[in-house]
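4 protein chains.
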Amino acid sequence: MKTRRVGLVGITGYAGMEVARLLAGHPALRLVMACSRAEAGKRLGELYPFLEKLPGADVVISVFEAEKAAAGCDIVFLAVPAGTAMGMAVPLLAYGTKVVDFSADFRLRSRQAYEEWYSRSHNAPDLLREAVYGIPELYAEQIAGARLVANPGCYPTCSILGLYAALKNDLIETGGIVIDAKSGASGAGRKSAVETLFCEVSDTFRAYGLPRHRHTPEIEQEVSLLAGRDVRLSFNPHLVPMNRGILATVYASLKYPRMSAEEAHEAFSRTWEGSRWVRVLPQGALPETRFVRGGMFCDISVVADQRTGRLIVLSAIDNLCRGAAGQAIANANLMCGLPVETGLTLAPVV
Amino acid sequence: MKTRRVGLVGITGYAGMEVARLLAGHPALRLVMACSRAEAGKRLGELYPFLEKLPGADVVISVFEAEKAAAGCDIVFLAVPAGTAMGMAVPLLAYGTKVVDFSADFRLRSRQAYEEWYSRSHNAPDLLREAVYGIPELYAEQIAGARLVANPGCYPTCSILGLYAALKNDLIETGGIVIDAKSGASGAGRKSAVETLFCEVSDTFRAYGLPRHRHTPEIEQEVSLLAGRDVRLSFNPHLVPMNRGILATVYASLKYPRMSAEEAHEAFSRTWEGSRWVRVLPQGALPETRFVRGGMFCDISVVADQRTGRLIVLSAIDNLCRGAAGQAIANANLMCGLPVETGLTLAPVV
Amino acid sequence: MKTRRVGLVGITGYAGMEVARLLAGHPALRLVMACSRAEAGKRLGELYPFLEKLPGADVVISVFEAEKAAAGCDIVFLAVPAGTAMGMAVPLLAYGTKVVDFSADFRLRSRQAYEEWYSRSHNAPDLLREAVYGIPELYAEQIAGARLVANPGCYPTCSILGLYAALKNDLIETGGIVIDAKSGASGAGRKSAVETLFCEVSDTFRAYGLPRHRHTPEIEQEVSLLAGRDVRLSFNPHLVPMNRGILATVYASLKYPRMSAEEAHEAFSRTWEGSRWVRVLPQGALPETRFVRGGMFCDISVVADQRTGRLIVLSAIDNLCRGAAGQAIANANLMCGLPVETGLTLAPVV
Amino acid sequence: MKTRRVGLVGITGYAGMEVARLLAGHPALRLVMACSRAEAGKRLGELYPFLEKLPGADVVISVFEAEKAAAGCDIVFLAVPAGTAMGMAVPLLAYGTKVVDFSADFRLRSRQAYEEWYSRSHNAPDLLREAVYGIPELYAEQIAGARLVANPGCYPTCSILGLYAALKNDLIETGGIVIDAKSGASGAGRKSAVETLFCEVSDTFRAYGLPRHRHTPEIEQEVSLLAGRDVRLSFNPHLVPMNRGILATVYASLKYPRMSAEEAHEAFSRTWEGSRWVRVLPQGALPETRFVRGGMFCDISVVADQRTGRLIVLSAIDNLCRGAAGQAIANANLMCGLPVETGLTLAPVV
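As they're listed, the protein sequences go chains A, B, C and D. Numbering of the first sequence is given in this note's numbering, commencing with residue 11 and proceeding in unit increments. Numbering of the second sequence is given in this note's numbering, commencing with residue 11 and proceeding in unit increments. Numbering of the third sequence is given in this note's numbering, commencing with residue 11 and proceeding in unit increments. Numbering of the fourth sequence is given in this note's numbering, commencing with residue 11 and proceeding in unit increments.
Each hint should be verified, as a subset may be incorrect.
Since copy identity is lost for identical chains, a pair holds within one copy or between any two.
[Stated by the list, open to error] Okay, derived cross-link-like pairs now, EDC-like style, lysine to aspartate or glutamate, Cα gap no bigger than 16 Å in a straight line:
(1) Lys63 - Glu283
(2) Lys63 - Glu351
(3) Lys178 - Glu147
(4) Lys265 - Glu183
(5) Lys265 - Glu205
(6) Lys52 - Glu62
(7) Lys78 - Glu56
(8) Lys63 - Asp180
(9) Lys201 - Glu75
These are calculated hints, taken from the structure and not from any lab test. None of the values given here were measured: they were computed from a predicted structure.
Let's have the full structure, built from the sequences with the hints guiding it.
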């Protein structure tokens with residue numbers, strides 16, 4: 011298999027670590043550049059002992075320079091904060107390198123929405139139109155032809171995949187949708203902070219960021235596209251004392267309140283039949299984040315409750331693999347002409 | 011302070027352990043009897059090493075006999091499964107002993123609801139009318155005069171306290187309420203089972219029992235009484251990898267969608283002003299289960315979201331103390347003519 | 011009970027939080043002053059939501075000034091880093107206030123040992139001679155008469171109590187002692203740092219700081235005093251993914267290799283008979299940190315293994331309560347003429 | 011690559027689950043049979059939702075029959091309890107199938123030692139002489155030619171690899187070795203039991219089984235072989251509130267007490283130079299179980315402490331992969347003529 015050279019900017023976060031882990035086992039994408047201002051000069055294996063004796067361990071961390079990155083890499087992953095990413099993507103694209111951006115900088119099609127939710131002006135608005143939203147199940151063809159892919163947020167990936175079959179099959183009212191989402195602590199990032207210390211997260215549970223978490227407009231954008239109309243919904247995240255994983259519990263009103271549990275399940279099963287990574291669980295079974303740990307699966311259950319007229323969807327992913335690094339690699343696979351699953355046929359680590 | 015003699019039937023579960031812990035520091039209620047068929051003959055301190063050198067450690071565990079229990083105890087706590095409890099309560103009351111029942115046997119006023127949700131016939135329906143639902147904030151007076159108190163479920167305690175101010179102040183529509191609740195693993199009980207082994211709960215997250223968890227009718231009963239009309243709501247529990255604690259996230263439609271966050275917060279604050287154990291957090295703060303760990307507090311936040319027309323209430327309690335043993339002791343205090351907070355002024359163990 | 015006024019300098023750490031928790035339920039020691047440069051001006055309840063509606067919540071955090079502290083407090087707890095504490099203790103004592111110091115500044119009798127292990131000169135060497143090492147089981151009388159108590163480290167408290175009976179009964183060789191200690195993450199303190207983030211501590215286990223952890227000389231000092239000769243030992247700490255608790259596993263050579271398990275157990279039991287807080291477990295039982303959580307107990311098991319000629323002692327405490335704040339309060343009780351256990355008869359929160 | 015057919019007896023435990031995970035990604039070993047009396051008739055994917063859409067999910071669980079197993083499989087993994095395994099191995103070998111046994115039945119060369127430590131007579135003593143102890147780093151050649159491999163215990167694998175370089179380089183006295191080992195809860199197995207419930211393991215720490223844990227004779231056997239003399243040592247296991255991982259802290263007396271830290275480190279590095287899976291960390295770094303999670307690495311640090319005359323070795327593995335299923339597959343690879351690392355080049359899941 012022909013090798014493509016991959017650069018990774020932003021190596022110190024959990025998404026960057028996960029890219030390094032996944033590329034260590036990838037047959038065609040080779041990590042050739044890793045950038046971090048703070049850690050420049052170290053070998054990657056020195057920074058991440060888990061990587062020693064594996065491919066990538068000997069890459070020496072460097073400071074990002076667009077021209078050099080473009081010269082050395084076929085594709086670059088930007089795992090840096092929103093606001094920083096757009097300033098790197100513009101020159102990389104100009105030099106002809108492909109880009110998968112992990113930040114929110116290119117996820118929203120509307121510049122106005124970006125500026126409102128992120129309190130920052132966007133300095134590459136043309137790219138907002140060009141960037142493809144990187145969920146392979148929804149946009150495989152466009153991703154394959156893209157120069158710039160906006161890698162989706164972890165919560166949006168989980169929520170959108172969860173709602174997809176309900177919207178495609180017209181099972182629910184689009185008003186009044188509530189997403190109650192729960193994430194492991196790696197979602198909070200790998201930066202020193204008292205509020206994510208072990209003792210502040212362990213053996214406790216809390217909500218955060220509601221009712222205006224920044225993943226809201228991204229979910230609303232994609233749900234609106236699926237619904238064919240503007241949808242406003244309530245998205246509310248919580249922090250679970252675990253490392254990895256997201257479970258989204260989605261509540262919507264059944265369009266036909268007498269719909270049976272069997273009918274709803276059958277619609278979901280049909281929609282996702284043959285999907286590589288979306289697994290609709292048998293009726294009665296409910297997803298658990300551990301069953302998708304470290305892999306690309308999205309496990310979905312659907313419950314139609316006639317008593318309350320509600321459709322409840324439960325959707326689980328690994329936030330670092332499916333919700334970030336793994337999905338980025340799936341997108342890179344498509345952008346490089348490789349089968350989408352290359353290097354990603356991972357059994358969950360239970 | 012005059013001492014009252016307390017008996018505890020069902021010592022091997024987490025609620026029983028918590029009763030033993032709390033009574034070890036209680037100035038007026040003294041544990042004089044502890045019953046368990048499986049552990050009969052052991053000293054309580056032998057079963058629970060944490061209790062050694064504390065009051066109660068020397069109680070010898072015995073097999074329950076109603077007559078003997080009634081003779082030796084002023085009040086008996088039944089921490090046994092639903093179905094078993096009613097068979098014990100009847101003779102105890104007949105012998106003139108007061109009873110606080112931890113099970114669901116006397117929580118529902120409707121025999122029909124009980125039989126439907128618990129798939130079992132009720133053999134003491136007269137007591138359903140007599141039993142008082144033991145949330146001190148709602149029913150202190152009736153509890154003080156009761157022979158039989160039905161100690162509420164952990165989820166219902168948390169949910170009902172969370173919804174109370176919204177209903178009292180008529181802030182929400184009573185249709186379409188969703189309660190997304192999350193509990194630590196002690197809620198699953200202390201019985202050997204593969205699905206609650208450490209490795210099956212740790213580092214994972216899942217829903218369970220939805221959409222027909224047995225705490226639903228109990229919540230609906232009390233919410234209906236507060237609302238003055240029949241309310242049907244959607245209650246959905248999840249399992250958090252932590253020991254103790256419940257957080258309920260409650261979603262409802264704002265009656266007046268233009269209600270500001272300040273107005274909602276003010277209504278909640280006013281309603282709970284002066285409450286001993288319900289703490290409405292400052293606007294912008296959100297509850298965490300660790301801040302109520304091991305104590306009687308119920309921490310509540312309210313968020314009015316004009317963008318989606320929703321009122322979101324977050325309510326947190328300790329499931330074993332406020333949600334079971336502590337609330338039982340508060341009820342026993344009232345039933346014995348003691349101040350409700352006797353032995354319960356506990357700072358949370360953060 | 012006459013009230014004594016307590017000041018607490020260093021409120022943002024876990025030991026400070028635990029002092030606040032314990033004083034909220036203390037009948038005679040009242041928190042009247044809390045100092046922190048970073049949080050000055052806030053109410054204590056604002057900083058620590060768990061404290062609201064409890065005694066101490068309304069104390070307004072201030073910046074430490076020795077004269078003011080001395081004027082307003084009968085006793086001051088210094089929960090600040092080593093090096094800082096000595097500069098505060100000197101003026102406080104000069105103004106006539108009693109001091110319990112949580113840091114290492116006054117634990118070592120030898121100035122040279124302090125300067126060697128802490129790489130810092132000691133600027134109040136006279137106080138090294140005066141300060142009393144605050145383990146009530148060993149030095150109750152001296153503590154009662156002291157102006158300055160050096161509150162012991164958490165590991166030393168656990169290790170010294172564990173070794174006490176072995177040394178007193180001359181069961182072991184004093185050469186070649188190994189202490190393999192394991193602590194929860196609260197021992198690492200409440201400061202922002204990547205290495206104690208939830209995701210860096212959870213679901214993993216590691217050693218740290220060995221073979222020259224700073225608690226070593228403190229343990230060697232007290233063990234030498236008990237043994238009546240200079241003892242050099244190997245102390246090696248590990249980090250456990252839990253909040254609270256320390257378990258020390260102590261290995262020593264049996265002086266009489268044919269000593270039976272019964273004899274060893276009997277010697278330990280006899281030594282600690284009647285102790286308020288040290289519990290020697292029944293033969294065959296082993297301590298668990300949860301059984302001492304949040305309280306003052308030290309649970310000890312002793313195992314004599316003829317096969318290898320070893321005595322193994324297991325000793326467990328709560329690092330924040332017995333290993334810091336609770337022991338400080340016990341010392342303060344003694345220094346104020348109160349019974350040592352005042353406010354500390356706490357059942358562990360299992 | 012030519013496919014070999016693998017049978018797995020004992021699918022319900024954690025080791026069996028891990029075999030299923032690892033074989034799902036193995037290019038040459040194909041799971042064709044999975045046996046469990048309790049779960050017979052189910053598809054493997056039904057039992058383990060994490061396995062759906064992966065190789066092996068469609069295997070239908072059956073009841074073990076030696077003849078059928080031998081007919082259908084080139085090699086059989088026995089992941090059943092000690093005592094049961096020997097009864098299965100005898101007929102399988104007689105029918106000509108190769109066997110990797112996960113239990114202790116064939117690990118000890120001495121029948122007497124087996125019968126003493128396992129309180130059970132051995133009914134296939136001839137096989138004790140034939141079986142090869144399956145640590146590839148020590149016995150690759152013999153494994154390649156074996157019909158029956160005794161897959162080592164998790165603790166022994168970690169301890170023996172940790173001690174190997176110290177013994178080979180004659181750095182330590184062989185008397186007085188202490189191994190203080192710590193394991194995650196998956197080591198306790200996947201059987202319903204109160205003592206391994208989440209609430210009994212989480213947020214606590216304890217020792218167990220000491221001083222006569224059954225892994226002791228296995229470690230002593232291999233250490234004695236390496237040392238060239240009979241070694242008796244003290245092995246003491248502890249339970250860590252985490253899922254996977256073992257850390258062994260090994261204490262020994264330095265043969266030459268003036269040996270420097272550098273010399274010791276150099277000896278270890280030299281010994282393991284070029285090893286595929288044993289990683290000697292840089293001086294000053296200490297292993298963490300998360301850095302080997304889910305993979306085959308054994309991370310080792312060595313600390314020579316002149317102050318106490320001790321050599322301290324820290325050794326970390328994943329107990330389920332390196333300590334059970336992964337090592338079994340490495341052995342199976344060798345027995346089938348495949349490169350030892352086939353299907354096992356796994357980056358740890360941090």
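Comparing the hints with the structure gives:
1. Lys63 - Glu283: Close across copies (11 Å), not inside one copy (40 Å); limit 16 Å.
2. Lys63 - Glu351: between (25 Å within a copy, 13 Å between copies)
3. Lys178 - Glu147: The answer is within: 13 Å in one copy meets 16 Å, while 47 Å across copies does not.
4. Lys265 - Glu183: within (5 Å within a copy, 20 Å between copies)
5. Lys265 - Glu205: neither (41 Å within a copy, 35 Å between copies)
6. Lys52 - Glu62: Answer is within: at 13 Å inside a copy they meet the 16 Å cutoff, but 40 Å across does not.
7. Lys78 - Glu56: Neither. Shortest intra-copy (23 Å) and inter-copy (50 Å) distances fail the 16 Å Cα cut-off.
8. Lys63 - Asp180: neither (51 Å within a copy, 27 Å between copies)
9. Lys201 - Glu75: Classified as neither; 23 Å inside a copy, 34 Å across copies.
Checked against the numbered hints listed earlier, the structure breaks hints 5, 7, 8, 9; every other hint is satisfied.
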